[in-house]
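Novice: Please build the complex by placing chain B on the supplied structure of chain A, with the hints as guidance.
There are 2 protein chains.
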Amino acid sequence: MIEFLKKAKKAKKEIAMLTTEVKNNILFEMADALIEECNYIIENNEKDMSEAILSNLSKDIKDRLLLTGERIVDMSNALKEIAALKEPINRVLDGWTVQNGLNIQKVSIPIGVIAIIYESRPNVTSDVAALCLKSGNVCILKGGKEAKHSNQAITKILRNVLEKNNVSKEVISLIPNNDREAVASLIIQDKYLDLIIPRGGEELIKFVNKNASVPVIKHDKGLCHMYLDKDANHNKAITIAINAKCQRPGVCNAMETLLIHKDVAAYLLPPLHEKFIKEKTQIKACTETRTYIDVQSATLEDYHTEYLANIVNIKVVENVDEAIEHINIYSSGHSESIISENYSTINKFLDEVDSACVYANASTRFTDGNAFGFGAEVGISTNKLHARGPMGVNDLTTFKYKIYGNGQIK
Amino acid sequence: MIEFLKKAKKAKKEIAMLTTEVKNNILFEMADALIEECNYIIENNEKDMSEAILSNLSKDIKDRLLLTGERIVDMSNALKEIAALKEPINRVLDGWTVQNGLNIQKVSIPIGVIAIIYESRPNVTSDVAALCLKSGNVCILKGGKEAKHSNQAITKILRNVLEKNNVSKEVISLIPNNDREAVASLIIQDKYLDLIIPRGGEELIKFVNKNASVPVIKHDKGLCHMYLDKDANHNKAITIAINAKCQRPGVCNAMETLLIHKDVAAYLLPPLHEKFIKEKTQIKACTETRTYIDVQSATLEDYHTEYLANIVNIKVVENVDEAIEHINIYSSGHSESIISENYSTINKFLDEVDSACVYANASTRFTDGNAFGFGAEVGISTNKLHARGPMGVNDLTTFKYKIYGNGQIK
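Chain order of the listed sequences is A and B.
Its first residue numbered 26, the first sequence is counted upward by one per residue in the numbering used here.
Its first residue numbered 26, the second sequence is counted upward by one per residue in the numbering used here.
Okay, chain A solo, but in the shape it has when bound (with noise of 0.2 Å):
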């Protein structure tokens, strides 16, 4: 593991020199090759695929494991628009001037060496590795196991490009090792890491808290709150409501709990449960819920569950301060949404509300690097430090202070 990492900090300096120009080339030359190389891609991640129905992994984990040729289309053309994305380094940040005419600029650099831990998606590899070498900084990529042969073939075809244009092939590394010792010795080397950035299931962010001495960015679970408030336009409510649990329930900007004022309890309940039917979404409720729509009773457990599923809590509040409240205890910090047309009510719950993402009027469903305009993005940060919600190309970078003189001393 040593060897491994002083070759990837060896890196460092290399990647973070090189021009836009050089950069972007080396990306769209990934990109043609990921698709030239797409039989080779697609019999490694068959046999992933073989593995996976082995050891009877879950239909929605399988999913997420595939590759198919629509797929590494869509992986080569990421890498596109991450080439198109504005240069994220030697940006000036600030600048001025103090009393003694030294020239203080703040300039935006690469990180350094950063440690990806992720779950069971290939195209993660390719995105996550791009981000990367655009922003100037070396990734040490530690994917799923389950995705350990497409991973491997991604890996080496991004890595015979690097070759190709003369640059170290340590500047994207795949953790050959899989298991949970490897990331164990990983987060305790701030020698050569600068940032790790786990991504997944809540057991790993909890490990690497833990045990990390490297700083960490952490993806946390997205425990997301939608709050109808008494002034909420009826249609809205409903259909945003409806729009944040079923659209997509399986990802992490999908609201989990639906919280209600207690005013329109009666007027909204009967037809978002007539909805949520359709959409075949199971509910878990508080009693006074129960009073108006017939549905199954609410643990205290299930306020704190990130359901990924089509299941959702409702509760109704006494009033918007009981939903901060809920929401503040509860939530994992990621987004969270109003339903009101009262101006007051509305600032009062984006201001209160503790979350990286806090929106009026509109499904929670909009947190990612897409939807924010960021392209690409590294994935959404629960972090309250340095990046918080979605983390894209800016987010992996941080600054040094250029200070310009004329023979100043103290």
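Everything labelled a hint here was simulated from the structure, so no lab data went into it.
Built from N, CA and C at the ideal position, the CB exists for glycine as well.
Below are the DSSO-like pairs computed for lysine-lysine, each with C-alpha atoms no more than 30 Å apart in a straight line:
#1 435(A) to 305(B)
#2 235(B) to 31(B)
#3 305(A) to 435(B)
A short list of chain B residues far from chain A (calculated; beta carbon distances all over 12 Å):
#4 26
#5 54
#6 58
#7 77
#8 95
#9 110
#10 144
#11 193
#12 201
#13 324
Specialist: Then chain B, alone, in the frame of chain A:
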């Protein structure tokens, strides 16, 4: 400890919501209270000073510990300066509208509950408490045990002002027990704390980094370098090098190692030697340096040492590349400077040296919040993420996205 942290967490929303006017009034009242209670502070400081004498603490530490009337006036003025800073909260950092009409605003908000672990100087207590208050954060202070009585007195005065203004006293609290165990149990409270800022010795920083589950912004040692290039103006080179080492050797932004290009070693070393002798600076040097001036030889360990004293390492290097390489190995990432008139050499140095502050033709001594125009500072961050270099009041904020819609669904 948990009860203590629960109370602090509870105060988070209250302080975050205070208006600029209320916060500034409190800061001005605190500034007045420090002056009014000057004798009470000095009485308590005398207890610390007596214990310091009994414990045989160094002259240096005793000087840092001492509070005089004049120093208390400085502390009071610092609070007024912090009140005068621009409001750091609710700045719109960025904003745009995406295709579907969603208006996204990136807005600065407080970080939450911040624990600061610091060393002997009691003025840090009021500085840091005021910076946290101004930025809407709850602070938990853990000062040096040698300043126990002084810190308790200062905190009590500040908390009384909070109380008089009907603000929870828990917004500012001082950890009562001062042992290492208190630190150990503090840094794993990620349920209650949003950030830990350790200022101080290498051992403390290492301990916190290794064991914390709360995010850390470290204020590590300052192992700063200066490189005198072959194209340096000789007068500037000598004046700036002497200033960087001798003006105040005990601080983190003082130079520890001076690197000199081999082509100018013969011209620069004898006059530097002469000036360093006048300043009573002890010199430790490489073999090559010792062919020009008669000084002690430096060990590898010396290049790793932050002297905080009037001692300097001198090393002759082949070229700017060797200087950059030396710095990137031995530096703590704080501040480095190049003295040169060569445009390309300066650019290379500023680009390739991986430190928070990189200077051209100026003393490293300018790395502080005041010199940068930030007013007061929390310290000098040697982190690479979130805050780097002088950490001002804006660095005590994070952000959220507020997203304004009118019915958008996905």
